[in-house]
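K.L.:
Start from the sequences, fold in the hints, and give me the full structure.
Just so you know, the sequences run in chain order A and B.
When we follow the working numbering, the leftmost residue of the first sequence carries the number 3, and every step to the right adds one.
When we follow the working numbering, the leftmost residue of the second sequence carries the number 221, and every step to the right adds one.
Incorrect hints may appear among the rest.
[As the list claims (entries may be wrong)] Derived DEER-like restraints, expressed as beta-carbon distance ranges: (1) A:Phe-36 <-> B:Gln-995: 50 to 60 angstroms; (2) A:Arg-92 <-> B:Lys-716: 34 to 44 angstroms; (3) A:Phe-36 <-> B:Arg-246: 19 to 29 angstroms; (4) B:Gln-995 <-> A:Phe-102: 50 to 60 angstroms; (5) B:Trp-234 <-> A:Ile-54: 38 to 48 angstroms; (6) A:Ala-74 <-> B:Trp-234: 19 to 29 angstroms.
[Unchecked claim] Computed cross-link-like contacts, EDC-like style, restricted to lysine to aspartate or glutamate with a CA-CA straight-line distance of at most 20 angstroms: (7) B:Lys-772 <-> B:Glu-936; (8) B:Lys-773 <-> B:Asp-825; (9) A:Lys-76 <-> B:Glu-250; (10) B:Lys-648 <-> B:Glu-671; (11) B:Lys-402 <-> B:Glu-940; (12) B:Lys-773 <-> B:Glu-396; (13) B:Lys-381 <-> B:Asp-527; (14) B:Lys-261 <-> A:Asp-31; (15) B:Lys-660 <-> B:Asp-478; (16) B:Lys-486 <-> B:Glu-417; (17) B:Lys-261 <-> A:Glu-34; (18) A:Lys-39 <-> B:Glu-259; (19) B:Lys-402 <-> B:Asp-469; (20) A:Lys-76 <-> A:Asp-23; (21) A:Lys-76 <-> B:Glu-254; (22) B:Lys-486 <-> B:Asp-574; (23) A:Lys-8 <-> A:Asp-31; (24) A:Lys-76 <-> B:Glu-253.
Everything labelled a hint here was simulated from the structure, so no lab data went into it.
Quick reminder that beta carbons are idealized off the backbone N, C-alpha and C, glycines included.
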Amino acid sequence: MRVLTKLEESVLLSVLKLKDDAYIVSIKDQLERFTSKNMSFGALYVALNRLIKYRYLESHIGESSSLRGGRAKKYYKLTKNGVLALKDIRQLQNLMWKGFENLVKELLEG
Amino acid sequence: MRKNKARPPRLGQWILKKILPPEERRFLIEGIEERYVRELKDRGRISALFWYLRDIFRTIPILIIDDFFGSATMLKNYLKIALRNIKRHKTFSFINITGLVVGMTCSIFIMLFIQYEISHDRYHENANRIYRILIRQPTDIYQGIDIYSISPPPLKAALMKDFPEIQNAARILRTEGLINYKNNRYLESRFFTVDPEFLKIFTFPLTTGDPETALNEPFSILLTEEMAEKYFDDEDPMGKILNIDNKYDYQITGVLRDIPGNSHFKFDFLGSFNSLYPIYGDYGDRFFEDWNAYQVKTYIQLHSSSDTSEFNSKFPVRLEKYRGRPTNDEIYIQPLTNIHLGGNVNDEIEANSDIKYVYFFSAIALLILLVACFNYMNLSTAGAVQRMKEVGIRKVAGASRHNLILQFLGESLLFAFIALLFSLWLVKLLLPAFSSLIEKELSFPVFNNIETFSSLIGISVLVGILSGSFPAFFLSSFLPVNIIKGKLISRKSLNKSSGFRNTLVVTQFAISTVLVICTIIIFNQLQYIRTKELGFKKEYVVTIPIQDENLKKNYGPLKYDLSQYSKIVDVTVSNFLPFSVENSQAVDWDGRPEDGPDFRYLCVDPNFLDFYGIELAEGRNLSKEIPTDVEQAYILNESAVRLIGWEDPIGKRFNCQRYVDGQVIGVVNNFHCHSLHRQIEPLVIFLFDDSGWWDVRYFSIKISSEDISGTLALMEEKFEKFSPYPFSYYFLDERIDMLYRREQKLGQNFGYFTFVAIFIACLGLFGIASLTSGQRIKEIGIRKTLGASVSSISILLTKEFMKLTSIGIIIAFPISYFAMHEWLKNFAYRVDIGWIPFMGAVLITVLLSLGTVFIQVFKAARANPADSLRYE
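P.N.:
In structure tokens form, the structure reads like this:
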């Protein structure tokens, strides 16, 4: 199984958190809140497309609302695969972080 | 708030729209827009704009890369592999890049040269509306051309009256001037006398002075900054007085910026045209109305509103209309921007170039670039085996052929751009040398000239795609199944690729050989010209042009003075020098047809023929002892006699512009009185008389070979006593060489480019030889263990390459033969092409390619078979 990159991971998490309101602008806002790093729209756009290609995300065009001048948004949603991938990475990270407290304590005291 | 304020800059959005696939772009663009609007509300216009620009500049490259290579990660991988390949195969990378660098450097130089040639006279603001007046004189053919750039002075007013389209017209009279300021004396040959409109028509900015009034008064003069420095150093030249020709005082009314090198005429001084009234005195008024005084150049500028094509269609116009006397002369116009590349007409101020040379050098640039590209193609297809596994793995991992093609094309583009960087550096380094080679001041503005910049990028992309296309298709065609089976490449495609490779090698060598043959023939012809018997003696002859009017009339004392000196063997005077008798006069003989031609003429002293060793075919020489010889004796050359058709010319009636008829007293053997480009034309030789009609323009002085500098110093001293002009002299043989300068330059440049082409071709051959002998290392090992000798293996390996070069050479033969046959037609006297150039070229090409191949082959053949076979 492919391991997610840090960027992909944060994109997937953002989409998850945004629930029904995950479209490119809100995802970018969310990401900026998570990380201090400011990524460009292009980079985000490319990453989203890649995640769709890997079938971690799916997209649908929302209904047009009068608020945006009658223009529709493209909404993103996690697929089963995407959820699995996040679970995997969580597991992997847990594994990697396991015993962290003790080790730090040892390091500081010893 | 206005509506469009809430929208991001349109240009950025437009670019995005172009890059993205249509069905997708909406969402991204709208997203950016939404965020922009928010930024605008929260933080104001300026920071919103900054935010937008920052985002868009990072977005666009990512999108392009993503579009092109699938993803940035893959691109990184491609780049890594490409760089790794460059590093691993150092020899091939070196050969490839060197070949491309040399080829591109050459092409950039040629491109700069062509740009410079094309840019001539285009810096004038009105360049597109300026024309030069030409006059065709069908009865007067000079140097093989009947079109003249000179016209009569009254033509200006006549044209202005007749053609309302003309806004300004200016006449130029070009003379020499002896300029004197505080005993700083020089003879200046670039002295123009011009109408005040000159500064309106042409864009020659003044650093000081008022262009509106500077040339209005008689005896006003403008000079260039360069000249201002020459005569005045740090002084302010404005208002100073320059003395000219020891007679006239001109006042400086302005300083011009130096004339750009890419002008078809260049000058150092501009005198006002109405100074000519006082200078010409009684003749002044007549000169301005004289329809026979073909002396000035006329330039016109059209109104910006007038229709140029309609104006064009009104010409040629017959001159008769204005002149009031029957004549066949016709008035033509020539656009300013066509002058430099339009070849020469008569009385050009400076020798022009020809569009033919531009085409010719473009072709060479293209050929050299092609040879370099072929190298790349050859080496990357020959080295394909090494990339085979990579291609297999990529394919198995899911790469499509499309991806692979892009990858390999990308690699060749990378090579091309690396080569571009090196060649830019080289061009910067070699530019001064190249400039002095072609005797033009080239500049190389890479980044501040969008045209140069984009053509450089264009060249690299072209080279990259051209050289990468075949390898890309070839390499991407491997089937993983075959690779795994160990069959590597199918027999068929292998044959196809080696056939293609062979064709490339053959073409390379055909091109190189053509260039070699041409170079040899050009040099042969130049050698022929230099050594051909001209029919007169040219050794140790110093020629001195005479400017001073008094000396022209009264040359006797100086001639006598000079001949007294022991180191001076002989002295003679003439109106022209024997190697370039260009002017002609109407002549008359019994039975001359109505439209009989003019003859070239030479006015001489009695000892002229002896001095130059020109031999008489029959009759006697001109003599001082016979008083009638001064006005009534003529000597013709053989061409003249043949043209007239006399069986026995001696004693026949003949006249050349004289009141009394004379007779032919002798015939000289034909000697080359023009350059070898043309046949020897009819010529008449006669003595100077007292009419003042014929000018003594040249002293010819034969000196002994000892102490030449001492003799020259003495001559200078004597001349300065008789003439206020600075002493200047030429050796006759140097002057003759000048006639063929253009051809010599051509030969030289051709030689350099030939060298480059051969160098690149051999470089490629070297690469292929080392690759193939490397691939056959086991075969060689087995052959050696079975008893083959080093020499037999070397021959075996070399044979194939020799076959290719031989085919190339054979193809080159007819091409170069026809090309050179055409070129030699420029000369009336030329070498037979013969077989020597071909043999020479064969020798050079074969030896060079043999040498290159042999280095590699010999190494492979000598290798110990134990090493190559051991690990099996």
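K.L.:
Enumerate the violated hints, using their earlier numbering and listing them in ascending order.
P.N.:
Hints 2, 5 not satisfied by this model.
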